[in-house]
Amino acid sequence: NAGVTQTPKFQVLKTGQSMTLQCAQDMNHEYMSWYRQDPGMGLRLIHYSVGAGITDQGEVPNGYNVSRSTTEDFPLRLLSAAPSQTSVYFCASSYSQGQAEQFFGPGTRLTVL
Amino acid sequence: EDKVVQSPLSLVVHEGDTVTLNCSYEVTNFRSLLWYKQEKKAPTFLFMLTSSGIEKKSGRLSSILDKKELFSILNITATQTGDSAIYLCAVTLQGAQKLVFGQGTRLTINP
Numbered sequence: 001n002a003g004v005t006q007t008p009k010f011q012v013l014k015t016g017q018s019m020t021l022q023c024a025q026d027m028n029h030e031y032m033s034w035y036r037q038d039p040g041m042g043l044r045l046i047h048y049s050v051g052a053g054i055t056d057q058g059e060v061p062n063g064y065n066v067s068r069s070t071t072e073d074f075p076l077r078l079l080s081a082a083p084s085q086t087s088v089y090f091c092a093s094s095y096s097q098g099q100a101e102q103f104f105g106p107g108t109r110l111t112v113l
Numbered sequence: 114e115d116k117v118v119q120s121p122l123s124l125v126v127h128e129g130d131t132v133t134l135n136c137s138y139e140v141t142n143f144r145s146l147l148w149y150k151q152e153k154k155a156p157t158f159l160f161m162l163t164s165s166g167i168e169k170k171s172g173r174l175s176s177i178l179d180k181k182e183l184f185s186i187l188n189i190t191a192t193q194t195g196d197s198a199i200y201l202c203a204v205t206l207q208g209a210q211k212l213v214f215g216q217g218t219r220l221t222i223n224p
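Keeping their order, the protein sequence lines are chains S and A.
For what it's worth, our numbering labels the leading residue of the first sequence as 1, then goes sequentially.
For what it's worth, our numbering labels the leading residue of the second sequence as 114, then goes sequentially.
Among the hints, erroneous ones may be present.
Stated by the list, open to error - Derived pair list, reagent style EDC-like, types lysine to aspartate or glutamate, alpha-carbon separation capped at 20 Å:
#  : chain 1 : residue 1 : chain 2 : residue 2
1  : S       : K9        : A       : E139
2  : A       : K211      : S       : D73
3  : A       : K154      : S       : D56
4  : A       : K116      : S       : E72
5  : A       : K116      : S       : D38
6  : A       : K170      : S       : E101
7  : A       : K116      : A       : E152
8  : A       : K116      : S       : E59
9  : A       : K116      : S       : D73
10 : A       : K150      : S       : E101
11 : A       : K181      : S       : D38
12 : A       : K211      : S       : E101
13 : A       : K150      : S       : D38
14 : A       : K153      : S       : D38
15 : A       : K169      : S       : D38
16 : A       : K116      : S       : E101
17 : A       : K154      : S       : D38
18 : A       : K211      : S       : D38
19 : A       : K170      : S       : E72
Hints listed in this document are in silico derivations from the structure and should not be mistaken for laboratory results.
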């Protein structure tokens with residue numbers, strides 16, 4: 001099993017550009033989520049999904065969109081990148097809504113100029 | 114607002130020392146508390162705690178939860194340079210499948 005994979009590992013964007021961060025898991029997990037990690041602020045939840053076709057907002061959803069058309073994939077879209085979105089982004093998954101332990105991907109380091 | 118606070122934010126000790134990391138929380142409908150270790154990449158799971166007073170142990174690491182006083186501690190004995198990392202505490206809530214994270218404690222072990 002590859003676990004949770006994320007692409008790309010690094011990305012530099014200009015203000016106003018859009019892009020999609022990819023996340024996939026091969027563990028048949030129902031629950032998937034996106035976090036951003038900024039210095040001194042821990043991880044903050046952006047969006048999450050409890051199953052294919054179901055998504056919901058987390059703590060910091062503005063400027064991001066998600067969709068969940070399959071169990072395996074949970075892409076995160078930046079609609080119009082801003083310097084405030086410079087961060088490290090982590091995707092995570094877990095077996096079900098009742099499973100507390102989440103498995104994290106390796107992260108994507110995004111810089112917006 | 115649900116809140117998780119870790120202290121200290123940064124700690125530098127010498128190899129062989131014992132360290133205690135703190136995590137306090139103010140949340141509605143607490144379900145469990147988790148500890149993660151983050152080195153260069155993704156956080157990796159250490160412990161999940163749901164009941165007060167029951168110590169979880171893994172080698173030189175141990176953790177305990179106090180649900181009355183709303184905190185947990187993570188102890189590391191006989192520290193090694195490989196223990197250098199950011200240690201994250203997170204809380205899960207009943208009926209809500211999400212983790213609320215603290216800011217993390219950056220632990221540096223000097224040889």
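For this structure, which hints from the list above don't hold up? Checked against the structure, the hints that fail are numbers 1, 3, 4, 7, 9, 11, 15 and 19, while the rest are satisfied.
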